[in-house]
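With the sequences and hints as input, model every part of the structure.
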Amino acid sequence: MSKNPLNDLGSSLGDYLREQRTAAKLSLRQLSELAGVSNPYLSQIERGLKRPSAEILQQLAKGLEVSAESLYVKAGILDAEVTPPSETPDVRGAIAADPALTERQRKTLLDIYESYVEDNPRQ
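Under full-length UniProt numbering, think of the first position of the sequence shown as 1, with each following residue one higher.
Calculated from the structure, these hints are not laboratory results.
Note that the structure is a prediction, hence the values are computed from the model and not measured.
Some clues are possibly wrong.
Said to hold, decoys possible - Using 25 angstroms as the maximum straight-line C-alpha spacing, the simulated DSS-like pairs for lysine-lysine come out as follows:
hint, residue 1, residue 2
1, Lys107, Lys62
2, Lys50, Lys62
3, Lys25, Lys62
4, Lys25, Lys50
5, Lys107, Lys25
As the list claims (entries may be wrong) - Now the in silico label distances, taken between C-beta atoms and shown as ranges:
hint, residue 1, residue 2, range
6, Gly76, Ala100, 17 to 25 angstroms
7, Gly93, Lys62, 14 to 22 angstroms
8, Arg29, Ile112, 31 to 39 angstroms
9, Asn39, Asp90, 32 to 40 angstroms
10, Asp90, Ser12, 20 to 28 angstroms
11, Gln58, Asp111, 19 to 27 angstroms
Where is the CB? At the ideal position from N, CA and C, for every residue including glycine.
Okay, here's the thing in structure tokens:
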């Protein structure tokens, strides 16, 4: 039986938040300041003891520079989109959804992609 009273989704979200925070080289205290969330509350979220609201997840996403949607999916607020494979890959969507990219990196990649698409019109 799980030690987590909320269920394994809470620990999954907490683990994901911790991974993103350490990847961003932020301490718990730094992220709490960036996101405007108390340090003890953030600690409880990471340990799976508290289930944050969508608003708190949005604040954390902003502090971590990840998409709020990725946190909503991890928290079970949104279902992960299952899209059938298409003939042409959705490059724009993949860039927008990648939680490892900052907003600046997303914009730069999209600008580069658009410049290539403009140079090579479909025939």
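**Asked** Is the Cα-Cα distance between lysine 25 and lysine 62 25 angstroms or less?
**Response** Distance of about 15 angstroms is within 25 angstroms: holds.
**Prompt:** Do glutamine 58 and aspartate 111 keep their Cβ atoms within the hinted range of 19 to 27 angstroms?
**Reply:** Hint holds: Cβ distance 25 angstroms, inside 19 to 27 angstroms.
**Asked** Under the criterion that the straight-line Cα-Cα distance not exceed 25 angstroms, is the pair lysine 107, lysine 25 satisfied?
**Response** At roughly 22 angstroms apart (the allowed maximum being 25 angstroms), lysine 25 and lysine 107 satisfy the hint.
**Message:** With the threshold set at 25 angstroms, check whether the alpha-carbon distance from lysine 107 to lysine 62 stays at or below it.
**Reply:** 16 angstroms, holds
**Prompt:** Regarding arginine 29 and isoleucine 112, is the given constraint of 31 to 39 angstroms on their beta-carbon distance met?
**Reply:** For isoleucine 112 against arginine 29, whose Cβ atoms are near 36 angstroms apart, the range 31 to 39 angstroms holds.
**Prompt:** Given the hinted pair lysine 50 and lysine 62, is their alpha-carbon gap at most 25 angstroms?
**Reply:** 19 angstroms, holds
**Prompt:** Do the Cβ positions of asparagine 39 and aspartate 90 conform to the proposed distance bound of 32 to 40 angstroms?
**Reply:** 38 angstroms, holds
**Hint consistency between lysine 25 and lysine 50 [alpha-carbon to alpha-carbon, up to 25 angstroms]** = 23 angstroms, holds
**Prompt:** Using the C-beta atoms of glycine 76 and alanine 100, is the stated range 17 to 25 angstroms upheld?
**Reply:** With a Cβ separation near 21 angstroms, glycine 76 and alanine 100 satisfy 17 to 25 angstroms, so the hint holds.
**Message:** Within 14 to 22 angstroms: is that where the Cβ-Cβ distance between glycine 93 and lysine 62 falls?
**Reply:** 21 angstroms, holds
**Request:** Check the following: the C-beta atoms of aspartate 90 and serine 12 are separated by a distance inside 20 to 28 angstroms.
**Result:** 25 angstroms, holds
Going through the hint list in order, the structure satisfies each hint without exception.
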